[in-house]
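From first to last, the protein sequence lines are chains A and B. Start counting the first sequence at 1; every next residue gets the next number (our numbering). Start counting the second sequence at 1; every next residue gets the next number (our numbering).
Some clues are possibly wrong.
Unchecked claim - One-sided and incomplete, this derived list gives chain B residues near chain A with beta-carbon spacing under 8 Å:
1. Val16
2. Val31
3. Pro33
4. Thr46
5. Asp49
6. Leu56
7. Leu59
8. Asp78
9. Ile83
10. Arg86
11. Ile154
12. Leu155
13. Gly158
14. Pro172
Hints are computed from structural coordinates only; laboratory data are not their basis. Just so you know, even glycine gets a beta-carbon here, dropped at the ideal spot from N, CA and C.
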Amino acid sequence: MNLNRRSLLKLSAATLAMTAAGVPSFAQDITELVIAYNVTLPSWDPTVGPSAVNPTIQGLYQSVFDQYILQQPDLKPAPGLLTEWGWSEDKKQVWMTVREGVTWHDGSPFTAEDVAWSLARVANPETGSPIQFVWGTLANHRVEGNKVIADVASFDPTIFKWMYFLTGYVLPKTYYEKVGAEGFEAAPIGTGPYMVEKYERDAFVRLKANANYWGGKPEFETVTIKFVTDAAARVAEIESGSSHVTLEMPYEEYDRLKGGMNAYATPVSDIGMIFLNDIEVMTDPNVRKAAVAAIDKQAIIDRLLSGYGVKIDTLQTPEYDAFDASITTAYDPDAAVAALAASGYSVDNPVKFKIQTTKGFKPKDYEMIQAIVGLWRKVGIEAEIEVYEIAKHYELRAADQLAPAAFYNWGNSVGDPTTSTGFAMFGPSPHSVWDGEDLIGMIGPLWGEADEAKRIAGWKAVDKYIADNALVIPLLQYVQPVLAAKGVVVTPHASGALLPHLMKRA
Amino acid sequence: MALLRTILLRLVTTAVTLLGVAVIVFVVIRVVPGNPIAMMLPPGATGEDIARLTALYGLDKSILQQFLIWGAGVLQGDFGTSITARQPVLAMVLARLPATLELSTFALLMAVLAGGAAALTGTRLRETKVEGGIDIAGGMALSVPDFLWGLVLILLFGVLVPVFHISGRVTPSLDLPFITNFYLFESLVRLRLDLTLDLVSHMFLPALSLAIPLAAIIAQLLKQSLKETMHLDYVTLARTQGYSEASVIWREALPNAVLPTLTLVGVQFTFLIGGTVIIERVFSYEGLGNMAIDAVINRDLPLIQGIVILFAVLFTGVNLVVDLMYATLNPRLRHG
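Please construct the entire structure, taking both the sequences and the accompanying hints into account.
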C-alpha cells in the first residue's frame, strides 16, 4: 500500500470518526445501574479459598447469594433464609427453621436439604473452607421437615453470628453436585436479589434482578459492577458519569465532589489500630502507656482524614455488641512524659523501637504513622518506621514476628467481641502478638461462655484490662465514602458492603 | 542455511532462558515475605488449620519438590490451579493474553504512526522551528512515565471532554458473538464495526498512554537516522535527478534509515508489553497485566508463575521475531 498525504488524512479522519462514534453515552435516565467497585472478584464460591474470607468482596457475594441469616445495615441479624434459630435447652443441638417458598436462580425450589448440605460441606476439612474450625463445631446435620438440626460437637456461642459473617452462605446442593466446582464458577446461582447474567474476570459482572426474590424484587432491573481498582480512575468514572455509584475514594476527592452528588460518609466495621508485640521495650508498661497517651487521635482524624473517622479507645466500635463508652484512654502528653521518666527515658534519652506500617493500603495509613511518630518524638519516643506490604504483615503476625509496634486495620462486620478483641489479643491465636498469660487467662473462659450477658460483660472487662495496661493502641473507626449520581439513593451498610439491592431511584 | 542456523540457535537459547526464568520466579516468590496461607487465615485459625491449608495447597513440601511437581505438570501443559480463582492457570492466562496482545499491538501501531510521522516531518522541515517543536514535544513525551500519561488522558478525555471510555475493554451490555478472545481482530473479520468502534473507544486511551513515550523514541531515532542518510551520495544523486525532497525522504532515505529503528521498536515492544501491567490497572483493562497485579497482591503463586512464564515467552518470542526480521531485511546478514 502506498501511503501518501491524502490517504494519511483519510485514515486519520476515519479513525477520529470511529472513536467518536464509539463514545459512551451519558444519559441521565438510569435504566442500568453502573457501579465502579474498588476490588475484583476472583472466585464465585463464597465459602472456599482466599476470596471467601476477603471482607471487601462480601457485598458482591451478598448480591447473588443469601447468607443463612440476614444482616441488616446496622449489623443486627434478621430472618433470612433461616427464619428462626437457636440451641436446645442443654446446648447439645442447634435447630434452624428454613424459609419456605424460596427458589434458586434456576427456578428450582430452595429446601432445608440445601442448608444442611451447605453446613456439612464447609464443616468437612477436605472442602478447604478457611472457616472449617467454626463450621466443624456442628456435626450430624439432618433435615426434619423444614427444620435443620445439628449436633453441637463443641459449643461456640458465636456460631449463629458466623451465619451472617465470612463463608456463611447457602449454596444449591443439587445444582452444585450436578455442575461441580468448575461449573459453579462458570455459572453460579444463588437465592439472592440478583442473578449473574455475564461475568468477565477482572472486568465486570452484569447482574439481572431476581423477580422471585423472597425479600422483594430489587429496584434496578440491571446492574453492572465494573471492577475499577485504581482510586483515581473510580473518581473519573463517577465524575464523567460513566458510573452511577462508587466508593472508597480519597476523602479530599469526596469533599470536592459531594456537593453535586448524593454523598454518604458512614462509619463502617473497620478499624485502624497498632499492634503492640510484647518484645523488647514493649514489655515495659510505662513505655506502652506513654505510647498511648502521646497520641492525639482526634487531631489525626481531623487533619489527615478530613474529619472522616471515629476515635476509638478499645477494639470495639459503637455498633459492636461489647462496646463500652466508659472505657477511654486520654490524650495526655504530660502523662506520657512522666511515664517515660519513670523508666528513665526522656526527650534527650528517648526509648527506641521499630514501628511497621503499610503505605497506601488504607487511607493515609503511612501519613498517620508519620504523625504518630512525630507526636511520640515530643515525649521521648524515637520510633523508626518500616514500610511493609500487607502480605508480609499477615505472615509476620502469624509467626508472631511483628515489630514492637505495627499498624493494621481490623475488620469485624459481625460485631462480636470474639472476632475483634478475642482473636486480636488472645495469645494462642495466629492473629495476636500479645502473649501475656494474664490476658490469656481472662479471655480463655469466654470462648465457651453460654450466658450471653455474662459473656459480653466478660469481654468488656477484658477491654478495660487492655486499655488500662496499654496492650494495644486502638486508633479510629474508618468512615467509608460513597458517591452516587443524583438519581440514586444508597443505603450504606455498616459492614462496608455496597449492596445494589439496597439502592433506589431518587 | 544461515537463517535456519540462527533460528535453531535462538530456539535453544530461548528454552534455556525460559528454564532460568522459571527457576528464579519459582524460588523468589516462595522466599519473599508473604505467603498465601497467611493471607487467607481467618480469625481463630489454629496451628492445625494452618497446617491443613498449607498441605491442601501443596506448600508443605520443600521448594525443590514443589518445583519438580510443578515442572512435571508444565511439561504436560498443566500450570497448576490458581489459589484465588480456583481455575486452571493456563486457561486463565491464555484467556487474558489476547487482550494484552491487542492493546500492545494497537499501542505499537499508534507509536509507529505518530513517531514515524514526527520523524518524517522533522526531517522534511529540518533546522526549522517545526523540528525544534518536535524535539521539545518528544522530550516532554519521554519525561513523563506512561501511567502518568494514563491519568492525564483519563482527566482530559474521560472527565473534561468525555469522548472515550476510561475503563474496561468492552461495554458490558454488548453481546459478543466471538469465539476467540481476540475481540478487536474478530470484530474486524466479522465486519461487526459497531463492536470494533466500542473496542477501539475502550482501547484508545490506554494504548495512547503506552504509545506516547515509544512514539517519542521512534521519532528521535528515525529522525536522526534519516538526517544521517540525507547526506549520503545516493540521496544527493536522487535530488540531482529531480526528485522532490519529500519523495527523496520517502523513497530513498527511509528504506535505509528504518533498520536501526526496527531493531529498537522490537526491543521497545517488549518494554511496552511490560508497561501494560500498570496501564491495564489504571484503565481497569482486563488483560494479563491487571491479572498479574492481583496475583501478586494475593500471593497467588501458581498464577504468578504462569503469568511470568508467559511474559517471558512473549519477550523472547518478540526478540526472536525482530532478530529474524532484521536478518531478513539486512542484505549483509541475509547473504552472510
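Comparing the hints with the structure gives:
Hint status for Val16 (chain B): violated, given a least beta-carbon distance of 31 Å to chain A, over 8 Å. The interface hint given for Val31 (chain B) is broken, as the beta carbon of that residue sits about 12 Å from the closest beta carbon of chain A, more than 8 Å. A hinted interface residue such as Pro33 (chain B) counts as satisfied when its beta carbon comes closer than 8 Å to some beta carbon of chain A; here the least separation is about 4 Å, so the hint holds. A cut of 8 Å between beta carbons decides the hint on Thr46 (chain B): the least distance to chain A is about 6 Å, and the hint holds.
Using the Cβ-Cβ criterion of 8 Å, the hint placing Asp49 (chain B) at the interface with chain A is satisfied: the shortest such distance is roughly 5 Å. Annotation: Leu56 (chain B) was flagged as interfacial toward chain A, and the flag holds, the nearest CB pair being 5 Å apart, inside 8 Å. Interface restraint check for Leu59 (chain B): the shortest CB-CB distance to chain A comes to about 12 Å, outside 8 Å, so the restraint is violated. Nearest Cβ of chain A to the Cβ of Asp78 (chain B): about 14 Å, over the 8 Å cut. The hint is violated.
The criterion of a C-beta within 8 Å of any C-beta in chain A is met by Ile83 (chain B), whose closest approach is roughly 6 Å, and the hint holds. Residue-level restraint check for Arg86 (chain B) holds (minimum Cβ-Cβ distance to chain A is 5 Å; threshold 8 Å). The criterion of a C-beta within 8 Å of any C-beta in chain A is met by Ile154 (chain B), whose closest approach is roughly 5 Å, and the hint holds. The criterion of a C-beta within 8 Å of any C-beta in chain A is met by Leu155 (chain B), whose closest approach is roughly 7 Å, and the hint holds.
The interface hint given for Gly158 (chain B) is met, as the beta carbon of that residue sits about 5 Å from the closest beta carbon of chain A, less than 8 Å. A hinted interface residue such as Pro172 (chain B) counts as satisfied when its beta carbon comes closer than 8 Å to some beta carbon of chain A; here the least separation is about 5 Å, so the hint holds.
Hints 1, 2, 7 and 8, counting from the list given before, are not met by this structure.
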